Each structure stands twice: as structure tokens, then as C-alpha cells.
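Trainee: Chains A and B, in that order, give the protein sequences. Residue numbering for the first sequence follows this note's numbering, starting at 1 and increasing by one per position. Residue numbering for the second sequence follows this note's numbering, starting at 302 and increasing by one per position.
It should be emphasised that the hints constitute simulated quantities derived from the structure, not laboratory data. Accuracy of the hints is not assured; some may be wrong.
Here are some of the chain A residues that sit facing chain B, going by a computed Cβ distance under 10 Å [said to hold, decoys possible]:
(1) 42
(2) 45
(3) 81
(4) 136
(5) 145
(6) 146
(7) 154
(8) 156
(9) 157
(10) 235
(11) 236
(12) 273
Listed next, the stretches of chain A that the computed footprint assigns to chain B, with coverage defined by at least 3 CB atoms under 8 Å from CB atoms of chain B [to be verified]:
(13) 69-76
(14) 115-123
DEER-style ranges, computed between Cβ atoms [to be verified]:
(15) 420(B) <-> 245(A): 21 to 31 Å
(16) 352(B) <-> 46(A): 41 to 51 Å
(17) 56(A) <-> 362(B): 23 to 33 Å
(18) 453(B) <-> 255(A): 39 to 49 Å
(19) 546(B) <-> 56(A): 40 to 50 Å
(20) 229(A) <-> 530(B): 52 to 62 Å
(21) 270(A) <-> 431(B): 35 to 45 Å
(22) 402(B) <-> 56(A): 18 to 28 Å
(23) 495(B) <-> 127(A): 32 to 42 Å
(24) 490(B) <-> 274(A): 51 to 61 Å
(25) 536(B) <-> 130(A): 52 to 62 Å
(26) 51(A) <-> 381(B): 54 to 64 Å
Bear in mind that the values here come from a model prediction, so they are computed numbers and not experimental data. All C-beta atoms, glycine included, are put in the ideal place defined by N, C-alpha and C.
There are 2 protein chains.
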Amino acid sequence: VTRVLVTGASGFVGSPAVTALLAGGHEVHAASSRPHDADTAISWHAADLLQPQAAGQLIEAVRPEWLLHMAWYAEHGRFWDSPLNLEWVEATLRLMRAFIAAGGRRAVLAGTCAEYAWDREIYSEHDAALAPATLYGAAKNSTRALTEALAAEAGIDVAWGRLFFLYGPGEAQTRLVPSVVRALLCGEPAPVTEGDQVRDFMHVADAGAAFAALLASDVRGAVNIASGTGVAVRQLVELLGAATGRGELIQVGALAGRADEPASLIADVGRLRDEVGFAPRHALAEGIADTVAWWRERLAA
Amino acid sequence: VTRVLVTGASGFVGSPAVTALLAGGHEVHAASSRPHDADTAISWHAADLLQPQAAGQLIEAVRPEWLLHMAWYAEHGRFWDSPLNLEWVEATLRLMRAFIAAGGRRAVLAGTCAEYAWDREIYSEHDAALAPATLYGAAKNSTRALTEALAAEAGIDVAWGRLFFLYGPGEAQTRLVPSVVRALLCGEPAPVTEGDQVRDFMHVADAGAAFAALLASDVRGAVNIASGTGVAVRQLVELLGAATGRGELIQVGALAGRADEPASLIADVGRLRDEVGFAPRHALAEGIADTVAWWRERLAA
């Protein structure tokens, strides 16, 4: 039994990561700045890591052997450019220093495909250039570089899971999938863009399980956490139409696309598959159907 | 008259940078964690920027239009690998956020040739790869990336002066030039390595003046701050022998060199010369003679 601290544990990816770690038999300590339900299987710790003393106090309270750091600023529409990204760099460095000082052995942190220069179709950890175009991407990429340098110095293991695009239960309501699903389930029109851009979508439960698997492995460095399969956003939206039975409400092209959107963002998942040994469990159509069912239940309640 | 805040103002490079800014007619506010002499031309501010509240309080007190951020951990023999580098990343981000929030317009920060992958002889800002091999280099490189992303977002100007190798009055006693000069002036043997490695040495007064010139320019991004001329370390040591008249005390090869030392580190100074319009004033032999004279005076006192 390994004592694991998960930050951002009540978040979209943190939450299924906690579930996967519990299933793996670990002693899970979950930290969150938000209120959470009591759960006898998990030790919850309230912590706002942006407060200068919080990381030290949290680490002192838990003294984790492993750390899964998922907490970050993620407000839809704002996180790309927000100076809060820099506060999260600082918070993450404080957390890593405290973790190392307390004898921590292995840490996995959440990265992003926005660390890559968006200049190709398929992104491999081995050869895709790291040249983030956004403050969010720069903050994550710098945090990775600093954490890796610190870990090498301190002699601990660090891996970095680079998330691409996600969907699934618990996603913020204003994001694409929930907003379309909710409109369709309520019988309202759902205006969307042409949706030609191809993205790599992974079910969030798979993403959480992939982080748990990465943490339990001895793989170091950056690992794409994604499905490895590209789908046009329009196709994803059509799956939402099919799963709700209200596809006629979708208004393709009613919203203007963004000119600076890259045409394709697909992960090379060779490291995740072959080195971590992880395979996702949810095919897209089935995962979308689950997600629609989750929203249907929620809206009915 | 521009109100300028200089951090690390009592440091090796900060000190001559303050001198150059005063000569340029600016209103100079100098911040340092160390005690300093009273000086009617400069407003001194005591600040330990590693304290979480210090940056905000300092910026609030000064409300600078320009910022020259030279403060960092620099203890000889320790700074390459120290976790304190990460605390300086955090401190620098706090400082930049406070500077921007208070209406600051232009900032220049101190970088290092250790940001580059040491894989060539001459390093240009335009095409040399950024792949630091040390925690210090990673911390500086990440700070640059984050500061540039933040500045682009906030609409302020940022430049980044990449220092190579320095010599001159005020250098820490344990470093190469002072330790050899002091030995020779005291009539003691000075054991040194073979000194085949070629480095770009700049007089610290020139480095300070170059930072002041960069701050007063409208150049953005990374600029090498160096002489553009390579000299073998052995040749530099021979100049010390000549300037002291005690060259016979130098024991070349008595110390083992480091196996991982790159053969050559020379700056391409095209940006500094052509875009900033700066030319160093000290030729090496003359600058070394000045430095020896400074130590002679100090040892006699």
C-alpha cells in the first residue's frame, strides 16, 4: 500500500484518478480547495495551494510517498491567458519542494498538448517541438522543465502526463460537449461551428485511469495521455445528436470558428501504450452515450 | 526622467547597472537584501524578495515605470544545482505580476548563457538551441519564457539580457579571477587548470552599462550581454600574471579541469551592438589591469 496525495482531487480528471488509485489499493489522500462529500475510503484535505503556506502544511499532514498533482486554474474561456497560470507555477514549485523535502519518491503532474508548437498533425513526445503559444502552455511547459530539473537534482522520479481533449461526466457546463448535450436534452437549438478541426478526445475516466497507471509505473518524463485517434469536432457533435435522438436541433456552422485553430491535434500514444502499458476502455460512441446518460439523469433530478 | 527600480542593486552586476542608470539621468530606486551605504543620488529599499509579501510591498513603495531585475541566488559553487533557483523563479513571477499590476511599462531581466544547449562555439539568440543542462539554467530559461508570455498578455515590454562570463571589481573572492589575483598579490602560489576552454569575458562595468542601455532601448526578447570575443582561460590567467608582475607564481595544470566543460562559449553580440547600439568600453588587458589595481588597493587597506 502506497500513500498517495492527489491535488485537484475533486476536479474533472482528478476525481476519476482518485477512483482509479483507490481501485489499485492505494492509501489515497485527496486535496481540494472545494467542498466535497465525506467518503470513508478517502482522506480529504482542504487546501488552497495558492496560499503560500498551504503546500508545506498539506505535505506535512500527509507525508506522501507518491504525488499526483492535478490542481491548476482551469476556468473555461479564461485559463489560456490568465496570470493565475503563473501563480500555479509558483504553487507547483512550492508543492514539489515540500514533497521532496518530506521524502517523497515519485510524482506525476498534469501537462497539456498546449506545450507543443501546434505545427503538425500527430504529436510525439520524442520529436514534437515544445513552443507553447499561450500563457497556459508556457506555464505548464516551464513547470515541467523546472520540475524535471529539480527531480534530477533531488534524485526522485517525475513523470508528466500531457492531456489532449477530454469529454465525460462532470465536465464544466459551459464547455462544448455539456453545452450541446444540455441544449439537445432540453429541446433547444445547439448552434456550433463547422467543426472541421480534428481533435484527440479521451473519456475522462480513461484519463484518470491513465494517470493512476503512469503513477504506478516507473516511466519518467512526458507521456501523452490521449486516445491516439482523431475525430472531427463535427463528427463528435453528430454523435451527441445520435445519443440524444435530437440531432435535428444541431445548427452546424451557426457559430464562427476561430481562425487560429490548428487543423489537427492528435497524440502519438506509443509511450502510454507500450511503456506505461495502458489502454483506454471507452470507445468514443459508447463513451458519448454514457455521458449523455449522465446528463439526462442530472437534468431529470 | 524615468523612475527605475533595480533589484539586486548591490550585486556584482547590479551595482554598475545602477551607476549607468544614474549617469543616464534616471530616478533610480535600488533594492537589495544586503546592507548598503547611504547615497543621496539613490533611493535604497531593503527587500528580501524571497519573502512572499516583499515584491508587492516594494512595487507599491516605488511604483516604477521601468524594472531592472538582477536579483537571484548566485553563491559561487552552489548556484548551479540549488533548489533556491526555484524560489527565485517564484520571486520573479511575483515581482513581475506586481510590476504589471502597478502600471509598469518595461522590464529587463538578467538571463544567462546557461540557458543555451552547450553544443557549439558561438551562441546567437536567433538560432542557438535553448536546452539548459543545469537547474540554474532551467530556472532562468523558464523564467524568461514565463515572463515573455506574461508580458505579451499584459501588453508591456520585456527584454532579457543573457550574461556570459564576467570579471572586474567587486567579484566574489572565491571565483577564479579574484582568487588568482589575491594569491599573486600576496606572493602565494596560484594553482589553476590547463585552462584550454575558451570563454567570453566582459568587464562588469560594461555589463552593467549594457543592461542600462538595453533598458533604455525598445529592444524586446533575449539579447546576449557579452564581449563577442573568446579568450582561453589560460590566457586570461596569464594577463593576471602580467598585471601583477608575479606570473611565476601561476601553476598551470596543477588543478584538474572538469570533464564536462564545453570547449567554447562565445556570444554572438550582433543584437547588442546593432539593435541596442551598445559597445563595451574595456579591452580585456586594460580591464584586467584595472581589476588588479582595485584588488591591490583593497588588500593594502
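Trainee: Would you check whether residue 136(A) satisfies its interface hint, that is, whether its CB is within less than 10 Å of any CB in chain B?
Mentor: Hint on residue 136(A): holds, closest Cβ of chain B at ~9 Å, below 10 Å.
Trainee: Honestly, do residue 490(B) and residue 274(A) meet the 51 to 61 Å range at C-beta?
Mentor: This hint holds: roughly 59 Å between Cβ atoms.
Trainee: So the hint says 41 to 51 Å: do the beta-carbon atoms of residue 352(B) and residue 46(A) match that?
Mentor: Violated, since residue 352(B) and residue 46(A) (Cβ atoms, about 25 Å apart) do not stay within the stated range.
Trainee: Was the hint right that residue 235(A) lines chain B, CB cutoff 10 Å?
Mentor: violated, 33 Å
Trainee: Should the hint that residue 273(A) touches chain B count as held when the rule is a Cβ pair under 10 Å?
Mentor: violated, 27 Å
Trainee: Identify whether the interface hint at residue 236(A) stands, where standing means a beta carbon of chain B within less than 10 Å of its own.
Mentor: violated, 30 Å
Trainee: Could you check the hint for me, namely that residue 51(A) and residue 381(B) are 54 to 64 Å apart, CB to CB?
Mentor: violated, 31 Å
Trainee: With 39 to 49 Å as the target window, see if residue 453(B) and residue 255(A) comply at their CB atoms.
Mentor: Hint violated: Cβ distance 27 Å, outside 39 to 49 Å.
Trainee: Between residue 229(A) and residue 530(B), does the beta-carbon spacing fit 52 to 62 Å?
Mentor: Between residue 229(A) and residue 530(B), where Cβ atoms are some 55 Å apart, the hint holds.
Trainee: Hint residue 146(A) vs chain B: min CB-CB distance below 10 Å?
Mentor: Where the cut-off is 10 Å and the nearest Cβ of chain B is about 5 Å from residue 146(A), the hint holds.
Trainee: Going by Cβ atoms only, is residue 45(A) closer than 10 Å to chain B?
Mentor: This hint is violated: residue 45(A) lies away from chain B, its Cβ roughly 21 Å from the closest one there, beyond 10 Å.
Trainee: Does the beta carbon distance between residue 402(B) and residue 56(A) stay inside 18 to 28 Å, or does it fall outside?
Mentor: Holds, since residue 402(B) and residue 56(A) (Cβ atoms, about 26 Å apart) stay within the stated range.
In the structure shown, a violation is registered for the earlier hints numbered 1, 2, 8, 9, 10, 11, 12, 13, 14, 15, 16, 18, 19, 21, 25 and 26, in ascending order.
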